[in-house]
Every structure is written in structure tokens, then in C-alpha cells.
Amino acid sequence: MTASSSSVVLKNLAKSFGAVDIIKGIDLVIEPGEFCVFVGPSGCGKSTLLRLISGLEEATSGTIEIAGRVVTDAEPSERGIAMVFQSYALYPHLTVRQNIGFGLSLAKRPKAEIEAKVQAAASVLQLGPLLDRKPKALSGGQRQRVAIGRAMVRDPAVFLLDEPLSNLDAALRAQMRIELTDLHKKLGATMIYVTHDQVEAMTMADKIVVLNAGRIEQVGSPMELYNHPVSPFVAGFIGSPKMNLITGPAAAALGCTTYGIRPEHLDLSTTEGQWQGRIRHVERLGAESVLYLQTEAMGELVIRLPGQDCPAPGSIAFVTPRAGRSFRF
Amino acid sequence: MTRRRSPYPYWFVLPAAVVFVTLFLVPTVASLWFSLTRWDLFEAHFIGLDNYRQFFKEPFLVQGLVNTLIYAVLTSGTKSVLGLLLAVLLTSGILWQGFLRSVVFFPVLVSTIGVGITFAALMHPTKGAINVALAYVGIDGPAWLSDPGLALYSVAFIDLWKGVGLATLIYIAGLAAISPDYYEAARIDGATRVQQFWRVTVPLVRPATVTVVTLSLIGGLRSFDIIWATTKGGPGFASDVLASVIYKQYQAGFYGLATAGNVILFALIAIIILPLTWWFNKREVDL
Amino acid sequence: MSTSFSRARRRNMGIAATAVAFVVFILPFLFTFLMAVKTKKEAALFLFSWPSEWHFWANLTEVIKARNYMLLLAYFNSTVITVAAVAGLVVFGAMVGYVLQRRPSGWNRVIYAGVLMGLMVPPAVVPTIWVLQGLGLFKTIHGMVLIQVAYGLAFSVLLYRSFIGTIPRDLDEAAIIDGAKPLAIFFKVILPLLKPVTVTLIVVQSIAIFNDFTNPLYYLPGKDNVTVQLTLFNFQSQFQSQFNLLFMNILLVTIPPLLVFIFFNRQIVAGMTAGAVKG
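Going line by line, the protein sequences match chains A, B and C.
For what it's worth, our numbering labels the leading residue of the first sequence as 1, then goes sequentially.
For what it's worth, our numbering labels the leading residue of the second sequence as 1001, then goes sequentially.
For what it's worth, our numbering labels the leading residue of the third sequence as 2001, then goes sequentially.
Same shape as in the complex, but just chain A (with noise of 0.2 Å):
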């Protein structure tokens, strides 16, 4: 299984549904080979986009590249894509067999062609025994496992992914993360991955591209965007738990508009510290504690200590921002 990795350029891509403008000029390069995500707040428009690329939806205006081609107006079938849908969308009619052949059936491609196409992915993706089933009779997992395999089967130049692990419990969901990145190191194939969950997009990205109100926010490695987030949206979105923002009077004292803070470079002392505060809840998780500390200067500050031990609830509390690690917005 070689999928040829390739490039996808967007250009000044919009769409709008009546009115209402879904996606509003985006311009972005991904690599080949890259495993790329969008990640954004429901109704961001992430999913949008990832239609847009496949074409299942048409762009109001701009260009999609694929592999160094413009595809915009190209049909689905054409632009050399495949699409894992948050549903899967097997054909509940079919065999895994044939749900996996199904595209390749229709292209008329010769028996012998196809069930060697159908046996490689099924041996990459474990499928083996369940060839003969209906999706009706798979779990979860293996349901997922078939939708990625009809997307391989088409040796797609980009593998589109749509909320793929949306619908597994959180244990399979884990699994599924180290497949999944298996899986784009095996094949070496371009990937784009739709996702609202930060999690999954630190994971398992190259590239994590950050989408808000059809609009992208910042384009970063995982590392880049919780490191150096160019925006409040951002530095809120990446990271867990999330980053303290405070705004207004305490911000505009130091010298801002929004003063950012994460959970894990906040100091804790029951002795001495910049801010003061009562501590009003703490939940504690055996490998760390995260800390709701109502402050004076900052509102409610949220803490997060390694370990178990930490003051009780009610009890008095110093925090200080851990030098360097703070965001002025």
C-alpha cells in the first residue's frame, strides 16, 4: 500500500450558504505527506472546509490545489481524494468485502485487481476474518477500520477524515489516536483530519490549523500553538486545563487587554506569592490536582499541581506566574 503523498493548496477559498458566509477566505499550504488537522468550536466551519476539498460541497469562490492541480470545480470521483465520514456511511447492504471494493466495482476494474486491492488493506487494518460480514454485525472499531479501508483501496493522494473517532468510547478512541498515526506513518500519505477535540489534534498532528468563525486563527505545530498562540481564541482552544484569561481592569494594570496564564505555570504557596486567594474547590485526579482559586487582583485563577498534596478547601493560598510563561494579548 503506497498512497503518493501530495500537496493541497487552498486560495482565498469562501463559501457561503445564502447569506450566511461559512467560510471566509482561506488560504493555506499542506505539505505532502502531512498529517494535518483542523480543529475549531462547533459551527467554525471546519467541517465546511474539509467538504469544500472534497468536493462535496462547491466553493463560493478561490481555488483548491491537489497535487499541484486546481480541482475546483472537479468532481469528487476526480480530485484523487477518499473521505473517512464521522459515521462511517458503510453501505449497510454490503460485505465489508464489498463496502471496501465498492468504489473500485464501480470503476469496473477486473475481479482479480480488486480483491487484491480489498486483501492488502484488509491485512494492514486487521480485517481478515470479517471480510465476509455485514457492517451491522462489526463494533465500533471495526466499522471504523473498514471506512479507512475503502479510502485506502482508492490510493488517494490526501485521506480526508471527518470527526472519524467522534462515535468510539474514550478507551477506543486512545487506541484508535496510535493506529491512526500508525497508519499515516505506514502509508506516508497526506492526511487531513477534522476534529473539535484539542486532544486528538496535539496528539496526532504535523500541522494543526486553528479555525474560528470561518476563519483560520493560526497554523502551527502542536508545540508552536501551545507555546507561542497568537490569539486569546488560541491559547484558550489548545491546552487542558485551559489557559486563565483575565480581562479588564486587572488585565489593563498589566499593561494589556487580555492577560493570559496556563494552570500548570502557576506556582502554588501557602506562604508567599504575587496573587492572594481563597481556595474554593479542588479536584483531584491521583496524578494531579487541578485548583479553583478565587483571587482579589484576578478573579478565579485554576491551578493545576502534580501529585495529590495540596492545601484544603477554604484554606488561604499564594500563587505567582512562573516567569516567561505568561501571555499579554
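Worth double-checking, as some hints may not be accurate.
As the list claims (entries may be wrong) - What follows is a set of in silico ranges between Cβ atoms, one per label pair, in the way DEER data are often shown:
1) B/S1006 - A/A287: 52 to 62 Å
2) B/R1199 - C/A2016: 18 to 28 Å
3) C/K2040 - B/Q1251: 25 to 35 Å
4) B/D1140 - C/S2162: 48 to 58 Å
5) B/G1048 - C/R2109: 50 to 60 Å
6) C/F2022 - B/A1135: 14 to 24 Å
7) C/I2255 - B/D1147: 46 to 56 Å
8) A/E65 - C/W2107: 31 to 41 Å
9) C/S2162 - B/V1202: 51 to 61 Å
10) C/R2109 - A/Q294: 57 to 67 Å
11) A/T257 - B/S1006: 41 to 51 Å
12) B/G1048 - C/S2162: 41 to 51 Å
13) C/F2187 - A/A120: 21 to 31 Å
Unchecked claim - If you only want the chain B side, here are some residues facing chain C, beta carbon under 8 Å, derived:
14) A1030
15) F1034
16) D1050
17) Y1052
18) V1081
19) L1082
20) I1094
21) Q1097
22) L1100
23) L1122
24) I1246
25) A1258
As the list claims (entries may be wrong) - Pairs of lysine-lysine residues, derived as DSS-like cross-links and limited to a Cα-Cα distance of at most 27 Å, are as follows:
26) B/K1232 - C/K2195
27) C/K2223 - C/K2139
28) C/K2041 - B/K1127
Hints in this document: simulated from the structure, not taken from any laboratory.
Remember, it's a predicted structure, so these values are computed and weren't measured experimentally.
Ideal Cβ placement from N, Cα and C applies to all residues, glycine included.
Given the structure of chain A, go ahead and fit chains B and C onto it with the hints provided.
Same frame as chain A, now just chains B and C:
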């Protein structure tokens, strides 16, 4: 930018549209014209509203119109009421419930002509099983289908016998859609069985009522084959309805007059059904 | 409402209801059967009695042979009309329902108007004969098939439209990405998934078309293209003195729906109650 073609092309509608327009819509529109003519299928002479005038002047044609209304209201009303009562009975968990549902429903699927002939025999004034049975208990049964005052109602009864199963079935589906929570809440509030029926069942089964009333009214107004199989509109014109009048005029070669009858039937259905649908929908918004 | 009747009361009510149903609904069928197996003389008495002589086979063969095997021809014609018309209703109706559900546009109002008319407006029979004559379809089986398609389309479109709404669009899109053209999407992905509602439609419409009397009466007159219901109707006047044969004919006409009812009860109920809940 060239627009790509939709995966749902309009030509998918074309085969259906061609058949529907040619064999349904064109004749319907043409009927408006032909109803104003004296017509022998080849030549049509415009005679204005003469056909309509005749329809409202000839006593037997007027009777057909009145009979149509009586018949439709009677069959629709009895089907709705009996259908609901049967549906309540057949969802109450009584013994042999499933079998009883099948028995009540089966006549819906049977040939109307067969039913008509069977009942004509059962309703025979002297030899028929109904009057023989009545004679056992000392009642002198009437001539069900040949008494002019009774024929229309006897046919309506046969229609009810054949059609009540469909109303029951629709009501059963409607009752199944009502959450049992409402009945439990009503019982906790102390509602009796009768109160539950009037305060919970009747209002909440409304969508089914709309379907049953609308379907059976349209069916009743258009009714033809059950009448043709039993009385042929007789005796005289006692049980004639619009549909049988249309057929008789057609047989007699009065094509323009038959078509005018068709238009009147169409108008009658529209006048009754459209306001009714509007009223049903309006009430729905109020809820 | 099922919980508050006592067990004994539910049993007694069931027995009472069955007794009433037996008299009202089953006795007429039993009467038909008894008439069908009696001798000519005995049948003419119309009595609700056990046949003194069992004439089942004799009556059966006689009614089949009557008028030069007309009943067999009628069964053949009715079957051809039913099968062809139902096939048309399935494919054409599903195609319309599919576009109607999947592609919202101004045309939908036009289609809905047509559907509403189809459900409500009584066919204008004489002008229809005029159109059929113009097309050379009057008194032909083809014409009859097309008429049944035209009259059944509205129901078929509505039934399919609501069912297609339950099929996720993702499937169409997966097929589009797999390179399927509109016809392939419809016939290879959508139509197979419509099987449950297609079975319902086939069953309900087959019974309706097989039992149809009025339309063949108008559009298929004459001896060459008789249908089952027309034959039965005509036998009524021919067999004035042979009620055993007339009722044997009724029995024969009743058996196909009975078989369909036994095997497809669930689908019939689904089809007949479609729209009852939503209104």
C-alpha cells in the same frame, strides 16, 4: 465557474411526471372544457353550462348528489367512531387480541365485488341469512337492498363492514404512539376509565383521527364499486351516487354530462376536504 | 391502557369480542365457502347450511372452464397488470421520493401539489378514455398498467419520501466519493436500502390493483382483456341460476389476498398506517 451537476438530477422525476401528467393531469384539466360541451369523443360542441344546469335540475341527478353526501358522511362518521372504539378494545390486552385485529382488518383486503355479491345474497329479502335469522326471533326483516328508503343505508353498512378495519388499524397505530405516561399520570390524578378516554385518548389520537376522517370522506365521496356490485344505484335512483351517475351517463353516451358530473364530484371533494384539512391544521397549531 | 383490566375480565371480554367478531366478520366468509361447495340446486336456496353433497372440485373445474377458460385468462391479465404496474410504482415512485427528499427546491412545491391532487382528485374518466384513445392505449393492457401507475404514484412517492428521510446522506456522499454517478447511487446504494418499504408498497399496491374494479371497467372493456374483478362482476349476471359457481369464483378471488395477508401481515400494517401518526 461551471456548476457541477447535482447527484440528484431532476430527470429522475421525469418518468413519473410523464405518466402522471399525461394520464391524470391532462384529463383532469381537459374535463373542465369537455364538461361545457355536448361530446361524442370525436366532436365536442360548446353548450355553455347546460350540462351543469341539467345536473342541478333533473331530480334523479340531484338525488345522486344528495345521496353522495349522505353516504360519505355516514360511512366516514361510523368508521371513525367504531374504528376508535374497536382500536381501544383491541389495544386493551384482551384475550386473542392479535387474532381479532386480523379478523376485523381482513375484509379491507378482499375484493369489493366479492363482498358486494356475498352481502346481496345475505340481504336477500326472503332467502337471505339476515332475514332468516331475524325471523327466528320473530322480526319480519325488510328488503334491505330493494327498499328505496333503505337501500343506500344498507350499502353504507356493507361499506362500513368492509372498511372499518382500516380505520381500526390506523387508530391502533395512533394509540401506540401515545406515551403510557399520560395514562399513568391521569390515573394518579384519579381519572376514571371513561375520563381517560375523553381527556387523554381522544385529544392525543387526533393525528389518526385526521387521517381516518380525511381518507374515509374522500373514499366515501368517490365510492362506486360497492354500490355497483350491490344495487347498481337502484331501486330506481334510490342509491345512486355521483360516481354511479357518471358511469350511467357514460354508458348512455352522454360524455359531456358524465364529465360535468366528474367536475362536480371534484368540486365537492375540494369544497369538503380543503376547509377540513385547513381546520385540522389550524387546530394543530393551537395545541 | 392495558394495565387496569383484571386478567379474568380481559379473558371474558376477549371471548365476548371473538363471539361477536365470529358472527359479524367470519360468518360471511363461511357463507361464501359453503355456497361455493354446494350443488347448484342447494346453493340457490341461499341457506346457511352444511352442504349435503361436497361439490368442491366439480364447481372449481366448472368455473375455470366457464366461457372458454375465461377465468384463467383473467388471472393472467390481472397478474400481468399488477406486476408491471407495481414495478413501475416502485421504481418511478422511489426516484421521485428520492429527489424530493434530497434536493430541496422550488420544484418540490409543484411535486407536492401533484401528490395532493393524486390523492384527492377523482380521475376524470371520460377525458382519460379520450387521451388513451389518442395514444392508442384504450382497451390495452399497457394502457391499464400506465393508468394504475398514474393513480398509485402519489401514495408511492409519499411512502418513499418519508422513508428516504431516514437514510443518512453520508451514504450518498460516500458513494459520490467512490465515484458513483447519480444512477449508480440510486440503484446500487439507495434502492437496496429501501427494501422494507418496497416490500410494503408491493404488498399494499398489489392487493389494491388486483382488487381494482372501477378502472378496468372504464378503460379495459371487452372480452379480450378481462381482469379478475371484471370476470366476477360479469359472472354475476351470467350465473344467475348457478350461485355455487359464482361463489366459487368469489372464493378464488379471495384466496390471493388471504395468502398475502398471512405472509405479509406486518408490511400491510406498515403501509396502511403510514402517516397515521404524523398526520
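Broken hints, numbered, in rising order?
5, 7, 9, 16, 17, 18, 19, 26
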